[in-house]
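Q: If you want the building blocks of each chain, they are given just below.
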Amino acid sequence: MNSQKVITWTVRVFIYFLVIAFFYWTIKNQYFSYIFENIEQFKVLVIEHLQIVGLSSAMAILVSIPSAILVTRPKFKRLEGIVSTVANFGYTIPNMAILALMMGVLGIGFKTAVFALFLYSILPIYRNTVAGIHSVNPNLIDAAKGIGFKPHQILFRVELPNAAYAIIAGVRTAVVINIGATALAYLIGGGGLGNWIFMGIKVFDDSILLSGAVTVTLLAVITDYLLRGVERLVVPKGTKRS
Amino acid sequence: MNRNEGYTITDVYEYFQDNMDFILELTVQHINLVGLAIIVAILIGVPLGIYLTTNESLAGTVLNVASVIMTIPSIALFGLMIPIFSLINQGIGFVPAFVALVLYSQLPIIRNTYTAINNVNPEIRDAAMGIGMSTAQRLLKVEIPNTLPVIMAGIRTAVVLNIGIGVIAAFIGAGGLGILIAQGITRGHTDMVIAGAIAISILGISADLILRLLQRIFTSKGVSAQ
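So the protein sequences, as listed, match chains G and U. For the first sequence, counting from 1, position 118 maps to 118 in the UniProt record's numbering; every step adds exactly one. For the second sequence, counting from 1, position 165 maps to 165 in the UniProt record's numbering; every step adds exactly one.
In case anyone wonders, no lab produced these hints; they're calculated from the structure. Beta carbons: idealized from backbone N, C-alpha and C, even for Gly. Keep in mind that a hint or two might mislead.
[Unchecked claim] Using C-beta positions, here's what the derived DEER-type ranges look like:
id, chain 1, residue 1, chain 2, residue 2, range
1, G, Ile27, U, Met133, 50 to 56 Å
2, U, Asn19, G, Trp9, 53 to 59 Å
3, G, Glu80, U, Thr219, 23 to 29 Å
4, G, Pro74, U, Ala136, 48 to 54 Å
5, G, Val13, U, Leu43, 23 to 29 Å
6, U, Ser86, G, Gly238, 50 to 56 Å
7, G, Gly54, U, Ile31, 35 to 41 Å
8, U, Ser86, G, Ser3, 34 to 40 Å
9, U, Phe16, G, Gly238, 53 to 59 Å
10, U, Asn118, G, Pro66, 54 to 60 Å
11, G, Pro66, U, Gly60, 32 to 38 Å
12, G, Ala58, U, Gly130, 53 to 59 Å
13, U, Leu43, G, Val19, 40 to 46 Å
Start from the sequences and build out the full structure, keeping to the hints where you can.
A: So, in structure tokens, the structure goes:
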């Protein structure tokens, strides 16, 4: 074993040690007992959380992928520059600012939360779809034209399958960001697991705080992992990147 | 008085006028928090990214850990850190916010540094070796100048990200512009919330623009012409 391997393994063991130490510490102090004492409320909060994430992500996918396809059509080339500039600016606006602005416009409540998160999720999916379609090898499109494909055939059978990897990566980014942002949506009346996190901070109760925070973290990490699996399933074999 | 209903743009404008000093003070706090975190993150991330190009197996591990950290929602990471830092009596305030921001900055900075240096044109590297440059000279005179735009892009991503996460830091007592949103929501002052949201967006957008400009200035002419 050379020194590089030794360093790598030391780092790995250290990281596993940190994670195990954290969970040992929380379980020893019975921080998660709050979940089991309030299992009914826990279920309600998790379901609320998933509803907000699901609804806003689904709406964002339905809007952003078609609009990204539209602006990459030759007819709308001019529009693309404008839309992409706006999208780039939008990306620098923090999610809490969008939640707050929407609260100012629409008031407090579940619908406001869903709408604000929908707006915030559009950008990553849109950007990745546009980038994915642009990264399709022009030779492939030429070849498709050469064998007599019509424009819609080129889109569905060449461009989208080749861009699938980037599109799904965008969806994954959006959903994972969304899970975290939903925790903030509690502040504008959205409900969800943010309830316990903010309550824990307010009343200085580590048990409530960790019950909320660890659940949201696991939700995000597991969703990320699952969507990576979907990526592997959905992306056509021939277009997979090495 | 419930001011959630019927506010107008002029209310927000008036709020800005009446509280300019307060908003500027919060902006300075925000910039301090984010700036300090970014400086520390660069001091850790860039050397680490450079080192990782010499150790492939460690690179995989470090990048995986950094991307897992990135998937942890910011408010949840704060939530995880408060109980840990309360062990040393720093549970609420600057320290957990600072550590969280440094952690979040690692992925964009390390990844961009690592991939950029790995992707330096091998012919340029050969040429540098051919004229007898040592490893250190090659790094400082060839590899870093060539990869500067990509490294700077990573830093820019980290800054914009941190400005956003810094807003949430206000909820755990770290100050900054998030105070306007946090207090505005609890008091039901919509004009305060909107003023906060606008101030933060302006900060985010202008930081992005300034860093793009710096990136252009610091990129050596030979590289940007490519």
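Q: Please go over all the hints and tell whether each is borne out by the structure.
A: Going down the list of hints, with the structure as the test:
1. Ile27(G) <-> Met133(U): 50 to 56 Å: Given about 55 Å between the Cβ atoms, the range holds.
2. Asn19(U) <-> Trp9(G): 53 to 59 Å: Check passed, 55 Å falls within 53 to 59 Å.
3. Glu80(G) <-> Thr219(U): 23 to 29 Å: Holds - the Cβ-Cβ distance for Glu80(G) and Thr219(U), about 26 Å, lies within 23 to 29 Å.
4. Pro74(G) <-> Ala136(U): 48 to 54 Å: Holds, since Pro74(G) and Ala136(U) (Cβ atoms, about 50 Å apart) stay within the stated range.
5. Val13(G) <-> Leu43(U): 23 to 29 Å: This hint holds: roughly 25 Å between Cβ atoms.
6. Ser86(U) <-> Gly238(G): 50 to 56 Å: holds, 54 Å
7. Gly54(G) <-> Ile31(U): 35 to 41 Å: holds, 37 Å
8. Ser86(U) <-> Ser3(G): 34 to 40 Å: holds, 38 Å
9. Phe16(U) <-> Gly238(G): 53 to 59 Å: holds, 56 Å
10. Asn118(U) <-> Pro66(G): 54 to 60 Å: violated, 36 Å
11. Pro66(G) <-> Gly60(U): 32 to 38 Å: Given a distance of about 37 Å, which is inside 32 to 38 Å, the answer is holds.
12. Ala58(G) <-> Gly130(U): 53 to 59 Å: holds, 57 Å
13. Leu43(U) <-> Val19(G): 40 to 46 Å: Once the Cβ atoms are compared, 25 Å apart, the range 40 to 46 Å for Val19(G) and Leu43(U) is violated.
In terms of the numbered hints stated before, the structure departs from hints 10, 13, listed from lowest to highest.
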